[in-house]
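Enquirer: In case you want the letters, here they are:
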Amino acid sequence: MRTGLRKWSLLLGAAAFFALPLTSWAQLSTADIASRDNMEAHIGNLTGHVNARSTYDYKRYCVSCHGDLGDGNGEVAQWLDPPMWPKPRDFQMGVFKCRSTLTGSLPTDEDLFDTIARGLDRSAMPQWSQFTKQQRADLVAYVKHFSPRFVTEKPGTPITIPPEPEVTPERIKAGREVFARVQCWKCHGVQGMANGPSASTLTDDLGRPIAPFNFTEGSRPKCGDTDRDIYKIFMTGLDGTPMPSFADNIKPDEAWDLVFYLRTFMQGASKAKELAKTMDLKPVNPNP
Amino acid sequence: MHVLSRSSLRKVVRSAISLVSFTLLLAPFVLISAKPAKAIPAFARKYGLRCSACHETWPILNNFGLKFRDNGYQIMNDRDAPIWQNPSYWPATFRMTPIWHRFSNLQAVDTYTGASTANPYGTQAVERITSSGVDLSGLDFHTGGTLYKNISFYLLPSSDPTGAFHFETVMTRFDNILGSSWLNIKVGRFELNNLLSEKRAVGLTADGGIYQTYHFIPVGDGNIFGQMGDNQLGIEYVGHSYNDRTRVSAALLDSNDGNVNLTLGANSYSGFFTFDQAVDAGKWDVQRLGAYAFVGQAATYYKTSGGVPIAGSGVGNKGFSRIGVTTQFYFGPHFDVNFVTQHGEDNAWFGQGYGNAVATDGDGGVTCTGPTATTPGCPPNNTPGTTLSALARAPSWNGYTIEARYVYSPTLIFLGRYEAERMQQQATIGTPQNIGNINLWDFIARWNPFMSNRAGMALQAEYTVMHQVGTGPTVGLTTANLNDNEILLGTDFDF
Amino acid sequence: MTRRYHFGAVLSAIVLLCCGALILGQKVNAAGEGSITGTVKLDGPAPHMRGIDMSKDPYCVKQHASNPAHLETWVVGSGGGVADTVLYLDGWSGAAQTETSVPVFDQKDCMYTPHVLALDTNQEFKVVTSDQTAHNIHPLPNPMINVGWNQSQPPGAPPVTKAWKNPEVIPVQCNIHPWMHGWFVVVKGPYAVSDDSGHYTINNVPPGSYTVKAWHEPDEAQTQKVTVAAGGSATADFTLKAK
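Chains as they are written, first to last, in my numbering: chain A, 1 to 288; chain B, 1 to 495; chain C, 1 to 243.
These aren't lab readings, by the way, just hints derived from the structure by calculation.
All values reported here derive from a predicted model rather than from experimental measurement.
We treat Cβ as the ideally placed atom computed from N, Cα and C, and that holds for glycine.
Any given hint could be a false lead.
Distance ranges between label pairs, derived from CB positions [stated by the list, open to error]:
| no. | chain 1 | residue 1 | chain 2 | residue 2 | range |
| --- | --- | --- | --- | --- | --- |
| 1 | B | W284 | A | T226 | 24 to 32 Å |
| 2 | B | Q277 | A | T30 | 35 to 43 Å |
| 3 | A | P283 | B | N261 | 52 to 60 Å |
| 4 | A | T226 | B | Q425 | 54 to 62 Å |
Lysine-lysine pairs mimicking BS3-like chemistry, simulated, CA-CA at most 25 Å apart [what the hints assert, rightly or not]:
| no. | chain 1 | residue 1 | chain 2 | residue 2 |
| --- | --- | --- | --- | --- |
| 5 | B | K283 | A | K59 |
| 6 | A | K154 | C | K162 |
| 7 | A | K154 | C | K165 |
| 8 | A | K282 | A | K271 |
| 9 | A | K251 | A | K282 |
| 10 | C | K41 | C | K213 |
| 11 | A | K282 | A | K173 |
| 12 | C | K162 | C | K108 |
| 13 | C | K213 | C | K225 |
| 14 | B | K149 | A | K273 |
| 15 | C | K225 | C | K41 |
| 16 | A | K251 | C | K162 |
| 17 | A | K133 | B | K149 |
| 18 | C | K126 | A | K251 |
Partial selection, computed: residues in chain B whose CB lies under 8 Å from chain A [what the hints assert, rightly or not]:
| no. | residue |
| --- | --- |
| 19 | R79 |
| 20 | S132 |
| 21 | D135 |
| 22 | Q277 |
| 23 | D280 |
| 24 | P410 |
In isolation and in its complexed conformation, chain A is listed as follows (with noise of 0.2 Å):
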């Protein structure tokens, strides 16, 4: 048993070693990038545009990490080892962790938006919450415009979350019981401590490692941490990365509920929490 686990350890070490020399799919150039330099973002009433201040800003803050053409492969990017320390994203694929939209579909501009704003923890990505929302907006045309896609397709429609349910011990065990179907423990661990079977050998799209999330030790979830963005995160997934879009297979009243036991694993006063200490919860079951 434990022969075969370290077996595909190796297997995956050596897969690993053979995708990390491949940072990016395809290298656009400098001029089929500024091709797009008309792109722009529309946040609530402000458009952003690629123009001095948004290539000012990129090239301050943002090019170390993702380069000057978007393409991750910025100076820093070969220190940067994961699982601790993910590679930086490739602008020019297109494909977003945090979206509010369906698996294969492009962020929405208030999505990168907010992502800016927010950094994504656990990775070399800072808050970049000092910009005003007028930097922030032409930061996302810039972001964009690295893509061909942000051309070709249109951003996917963000799922309608219902309003979000009062919190009842009813609730949470429901969430449970989702927990259990849909077999979050798998990478997560059946108390969310990021120790399922299948998290060791975890790689995301370009075949590097990448580590689950582990609800228990106080740190935001990748796309933000109110009830509503765990809302999104599992219904729509985090593209480029293991974590699938459960939309077609948690109903969005059960997705409530599912969230509502997430909280009870994470820190932080919430009323999941409080109402969990006076329940007998136990962790699911893995082999029913």
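Once you have looked at the hints, place chains B and C on chain A.
Expert: For chains B and C alone, coordinates are given in the frame of chain A:
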């Protein structure tokens, strides 16, 4: 003695200037070592960001760098603790500043004409002395960063060019207490929460390298404290909104002017309070508006032993205050203007020179080795029975600093600064209104041939002119105005 | 291409499960159209296909209790015939879409059935799961060519119906069961996949001269020129070399 009296005169004028620097009249570099800038390639290394992410041009912080600092040297991505770093990572950096400079000031010079036994040096005349040459500043050895999530430290042993070290900054921070960005505590010796940071000033000359507004004290004033530009010992509460738009701080400081071992007052404390608010001004960028108040007490009476003041025995606390507003206006990515005002007021006792009888460091003045009444240059002591002259009043003044920067790119910056210090009320009735007034101009061009996340190097050209009324050399009964100018061509390495 | 090679070389570890008809729903539907037929054989002995350790998931282990799983990189029949080779017409310039059937890609016993699914561009296919353990179906196209996605397939999950816009060899994986590895081979025009004995027949080929291309994982691609007469049948046999 000549040198001593000069320094004694100037200490009260620009008390940030150390004794040493005046025994070595042409050694402005000592000042440089006394005001190290906090640019830390160690942070850039740690996070993979270029210096320019945090610095408008290093060492000046931009809003992102300010947020980083306010979060306790954390980018808040849950990877700040050193446990996440490669084991070989060590948060240390060196800064050194080899320079060529030319320093020109006025001196009272012996003439030797008609030398006689009674007057072997001849009479004196005011003459401009100009020196130039390649020089070396001290060495800053910065180490700082997180020890654990939300616990950080900063240690800055700073050396003068002769290798004599002092601790410029020693502090620990506890951030985001109870998970709130509004609860952060700093303990140790640290720079006050000045929006326009003197420790991050780009200037490298003696006069331009400090903000006069942060150090101004009326001529003859004895208040060792009230030095906003100096690092102070104390405990500081800092709070800020999550995105750092709103910042507030309150510091309780020993009235020791940053001197360890409690050399001054036994029970004198000061408080430094700041508030600032940034607003999103759309395409004009983020504008920040703030105010500060520095109020406190410092000792004026030291018990004596054989007439010699005893360190740490200070009592007879008298009050002082410094209040003002600070603004940071950004006009797009390339141009910004910083503005600081100050209204300062010292108690009349300080105005008459009381307060620093036991000061031992370069900032305060002379150590009294004999009875205060008889030691030349030794400040007066407010011993029992002392009364103030009827002409004594509380001195007050107003200061203005305006610093404009044109940031062509993160690696090329042009900076101009003008400072004006104006006496509002002299400490003694009859003193001319303008004695002590300062005008200072500082012009800087600074180019970084490279500035990576590993190291930075800057080439700097700087020209500084400083005038102060009534603090130049004294010949006979006439005291000239101080009139310095400096040219500096230097390199500034940080790695 | 390099990357596909890596995926093929390292991650593919799949057992041959069932040998149904792999040439999917093709029928002659126009007079005069011919076919290309042939056999794909392996030069040399069949490479040893290593067994798969599924101990990560007891359910998978149980499914293979009497039928040990092993890699499916090379599935070689008794006569040296190679299965799972995709045969198609290189440089097809005919109808935009010739295939309209909706093939099924099943997740069964923690393996993919079929291991290689050939598809026309824009041809819909259905991903289903027969397992009582959760999978995620995660195709990894080059984002510059096709748009990838990643969907969960817990037990009882409804089918996922998708299509690919552009020709591409797309690896597909399950992150939960890292040994699960298969291929979507998206081509333009008529195609066939060789069966267990290595036989294939490409139907619906209008008369004319063609270059037949044989693709086998991880990155084997051979070509042969053939001419198809009206209503006739041309032959193209291939001999592959295991790397």
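Enquirer: Any hints this thing doesn't respect? Which numbers, in order?
Expert: 17, 20, 21, 22
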